[in-house]
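K.L.:
Work out the full structure, taking the sequences as your base and the hints as a guide.
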Amino acid sequence: MHFDTKMAIVIRDDLLPWQGLNVTAFLAGGLAGRDPGILGAAYADADGTDYAPLIREPIFVLAGTAETLQRTRRRAVDRGLAPAIYTVEMFATDHDDANRAAVAAVKAEALDLVGVAIHGPRKAVDKVINGLKRHP
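The sequence shown runs 17 to 152 under our numbering.
One or more of the hints may lead you astray.
For each label pair, taking beta carbons as the anchor points, the in silico distance ranges come out as [stated by the list, open to error]:
no.: 1; residue 1: A120; residue 2: H18; range: 20 to 26 angstroms
no.: 2; residue 1: A41; residue 2: R95; range: 23 to 29 angstroms
no.: 3; residue 1: T109; residue 2: K139; range: 34 to 40 angstroms
no.: 4; residue 1: E83; residue 2: L32; range: 16 to 22 angstroms
no.: 5; residue 1: P52; residue 2: V119; range: 18 to 24 angstroms
no.: 6; residue 1: D66; residue 2: A121; range: 36 to 42 angstroms
no.: 7; residue 1: T21; residue 2: K149; range: 20 to 26 angstroms
no.: 8; residue 1: G96; residue 2: P69; range: 23 to 29 angstroms
no.: 9; residue 1: F19; residue 2: D110; range: 33 to 39 angstroms
no.: 10; residue 1: A82; residue 2: T21; range: 25 to 31 angstroms
no.: 11; residue 1: R138; residue 2: G49; range: 30 to 36 angstroms
Calculated from the structure, these hints are not laboratory results. All residues carry an ideal CB built from backbone N, CA and C; glycine is no exception.
P.N.:
As structure tokens, this is what we get:
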């Protein structure tokens with residue numbers, strides 16, 4: 017199936033495995049929170065057990081350096097896309113209010129990004145992630 021939109025999550029290439037997985041999960045949740053329309057229908061198995069819906073389209077998970085993530089954030093904002101972000105400081109917090117405070121304390125160009133996620137029109141997202149490689 018072809019979607020008119022595209023999702024991509026860019027993770028910094030020097031993260032520990034648990035950090036990369038954690039950041040990816042948080043960022044996917046951020047995309048779904050911003051646009052609940054990206055969620056599909058709920059699941060149910062043959063026994064009738066209900067399960068939560070999943071994001072309805074593929075998510076491209078890419079890797080890059082700190083500079084690459086900042087460039088990705090900038091490109092997304094320049095194209096009118098609202099990225100989800102995760103910063104190094106957020107690893108030291110233990111709740112959502114503290115995460116927002118950690119981000120609010122730093123100017124955009126100085127954010128120490130470890131993850132950036134975007135969702136939007138396919139062509140716009142392609143321009144934002146142009147040149148990035150898939151996460152190994």
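K.L.:
Run every hint past the structure and note whether it holds.
P.N.:
Results for each hint:
1. Take A120 and H18: their Cβ atoms lie about 38 angstroms apart, and the range 20 to 26 angstroms is violated.
2. Evaluation of the 23 to 29 angstroms hint for A41 and R95 yields a pass: the beta carbon distance comes to about 25 angstroms.
3. Between T109 and K139 the Cβ separation comes to about 35 angstroms, which falls inside the hinted range of 34 to 40 angstroms.
4. Look at E83 against L32: about 20 angstroms separates their beta carbons, and that is inside 16 to 22 angstroms.
5. P52 and V119 have their C-beta atoms about 22 angstroms apart, which keeps the hinted 18 to 24 angstroms range intact.
6. Distance hint for D66 and A121: a CB-CB separation of about 41 angstroms, consistent with the stated range 36 to 42 angstroms.
7. Between T21 and K149 the Cβ separation comes to about 22 angstroms, which falls inside the hinted range of 20 to 26 angstroms.
8. Here the CB-CB span from G96 to P69 is close to 27 angstroms, well matched to the stated 23 to 29 angstroms.
9. Taken as a hint, the range 33 to 39 angstroms holds for the pair F19 and D110, whose Cβ atoms sit roughly 36 angstroms apart.
10. The supplied range of 25 to 31 angstroms is met by A82 and T21, whose beta-carbon atoms lie about 27 angstroms from each other.
11. At roughly 21 angstroms, the beta carbons of R138 and G49 sit outside the given window of 30 to 36 angstroms.
Violation of the numbered hints given earlier is confined to hints 1, 11; the remaining hints are satisfied by the structure.
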